[in-house]
Each structure stands twice: as structure tokens, then as C-alpha cells.
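Given these sequences and hints, build the entire structure.
Take 1 as the starting number for the sequence shown in my numbering and just add one per residue.
There's no promise every hint is true.
[To be verified] No farther apart than 27 Å at their CA atoms in a straight line, the calculated lysine-lysine pairs in the DSS-like style are these: (1) K73 - K102; (2) K33 - K3; (3) K73 - K33; (4) K2 - K33; (5) K102 - K33; (6) K73 - K88; (7) K73 - K3; (8) K203 - K174; (9) K73 - K90; (10) K203 - K215; (11) K174 - K73; (12) K33 - K88; (13) K90 - K33; (14) K90 - K102; (15) K102 - K3; (16) K88 - K102; (17) K90 - K2.
Don't read these hints as lab results, they were simulated from the structure.
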Amino acid sequence: MKKRILIIEDDSDLAGITEDLLRSYGYEIRWAKDCESAFDMLIHEQFQLLLVDINLPDGSGFDVCRELRRVSKVPVIFASARTGEEDKIKGLDMGGDDYLAKPYSLRELLARVNALMRRTYGEEKEAPVYRFGTVCVDTGMRTAVRSGEEIRLALREFDLLAYLCAHPNRTLRKEELLHEVWGAFSEAETATVAVHIRWLREKLEEDPSSPRYIKTVWGVGYRFDMTDKPEDTL
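Given below as C-alpha cells:
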């Protein structure tokens, strides 16, 4: 699965050049030109790395990083023309993982992005495929198939199912699911999780009222029960 990078940069030309480079090496890119746009994207989307300019039209990249660190550990690389030692120290103290001084070479930028991705997520592995009952969930293809028939899942439904599959036989709090699936700055409430769980049960379970796989842990959250082996019909 492609890793997603958010570029927060008010220089559209530089952002475009950087985006083209990173896309050519397999990354999925989104671009925000200011703090407001960045926060809006962080509310609705998930990213594996942020590339952040410091001087932005409506604030500072430091502000973005400070707010982000309250709820997320996603890696941050500062890229700025502010090259003084104090700025570099401030950026790292704010929670930045690296600091790249402008102007920088695109080769150096790519090397730093790749290195930080490896340190954070490890070497790229084949996207996992999960099987339970007659269901097969392919996270690379983003498909779910039951008894040979594809199950139509909305974006958040699939992301929620993939997260449940990746953490089987473990009690997951609603707050954790909300944070990990809807994003660090999501304004959604835990009731949203319950609604999506109900929708998944309707599409996956033989009897949604008595679920075999997505179990409720009352007062806490949910547990995805994968103790059963896949059935022979899979």
C-alpha cells in the first residue's frame, strides 16, 4: 500500500516539483498551502509523513507540529529557508524528526524521506491479506470478498475492517479506533465508530445480531475474533 505524505508549503512551484519527485518514487502526495488547509486534511485523512515549511501565510509550521504532537507521532520533516541554529533546535524540540535547510537538493530530500520512512515503518512489505470464515480481505488491493463475491465497502468501512484484522483477539477502545481510522484531528464522535461497526456486521456476519467476528466489549469497545480458522469453502 502506498505511503501518504502531506506537503505543507505555500510556494506552489516548489510544492509541485517536490510532489512530482515523491510520486515518481511511489508515494501518494497531498498538498496544503497554509495551516488551515493542513488541519482540514489532517482531520479527514491519514498520512505517514509530513513535510512542513515553517513560514506559512496564516501561521507557522511550528504551530502545526505542536498541535499534531498532542495526538499523533507521525514523522515530521521541517523544510525551511530559516537556517539558524535556534530555528533548527526549536523545530526538533517541537517534535520534528528532521530539519532540511532550503535550498536543498531533491536527491537529499528523497534520501531523508526514505530514511525516515524506514526508521518509522521498517522495510516495505507486501500488503497483508486476512482470511476469516469465507471472507478474504486484501489490504493492498483494498478489496473484501465473501464466498467469492466482492463486498462493497465505503472508504472508512474498509479502513476500519483492515485495522480490526491487523489487531485480532484484542479489545480495542472506541477512542483508539476513532483516532487510528478517522485521523488524529477528526471531529467525529465515538458514535460514528458504532455506526460503522453495525454496517460492517451487516455486510460480513451471517447473523449481525449475534456476531461471530466483530464482538462488542461492553463499556469499552470491540474485539475482532479471529480464533476460528478459515473455512474449507474459502
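Hints versus structure:
In summary, the hint linking K73 to K102 is supported, as the alpha carbons are separated by about 24 Å, within the 27 Å threshold. For the given pair, K33 sits about 20 Å from K3 by alpha-carbon distance, which is consistent with the 27 Å threshold. Taken as a hint, the K73 and K33 pair is honoured in the structure, with Cα atoms around 22 Å apart against an allowance of 27 Å. Restraint check for K2 and K33: satisfied, since their Cα atoms lie roughly 23 Å apart, inside the 27 Å limit.
Between K102 and K33 the CA atoms are separated by roughly 17 Å; this keeps the pair inside 27 Å, and the hint holds. For the hint pairing K73 with K88, the CA-to-CA distance comes to about 19 Å; that is within 27 Å, so the pair holds. With a C-alpha separation of about 15 Å, the suggested pair K73 and K3 falls inside the 27 Å cut-off, and the hint holds. Among the hinted pairs, K203 with K174 is consistent with the structure: their alpha-carbon atoms are about 20 Å apart, no more than 27 Å.
Distance restraint check for K73 and K90: the Cα-Cα separation of roughly 17 Å lies within the 27 Å cut-off, and the hinted pair is therefore satisfied. Pair hint K203 plus K215 holds up; C-alpha atoms about 15 Å apart against a cutoff of 27 Å. Simply put, K174 and K73 have alpha-carbon atoms about 19 Å apart, close enough for the 27 Å limit, and the pair holds. Distance restraint check for K33 and K88: the Cα-Cα separation of roughly 22 Å lies within the 27 Å cut-off, and the hinted pair is therefore satisfied.
Proposed proximity of K90 and K33 is supported: the alpha carbons are some 22 Å apart, at most 27 Å. Pair hint K90 plus K102 holds up; C-alpha atoms about 17 Å apart against a cutoff of 27 Å. Restraint check for K102 and K3: satisfied, since their Cα atoms lie roughly 24 Å apart, inside the 27 Å limit. Of the pairs offered as hints, the one joining K88 and K102 holds, with about 12 Å between alpha carbons and a cut-off of 27 Å not exceeded.
Straight-line distance between C-alpha atoms of K90 and K2 comes to about 31 Å, which puts the hinted pair past the 27 Å bound.
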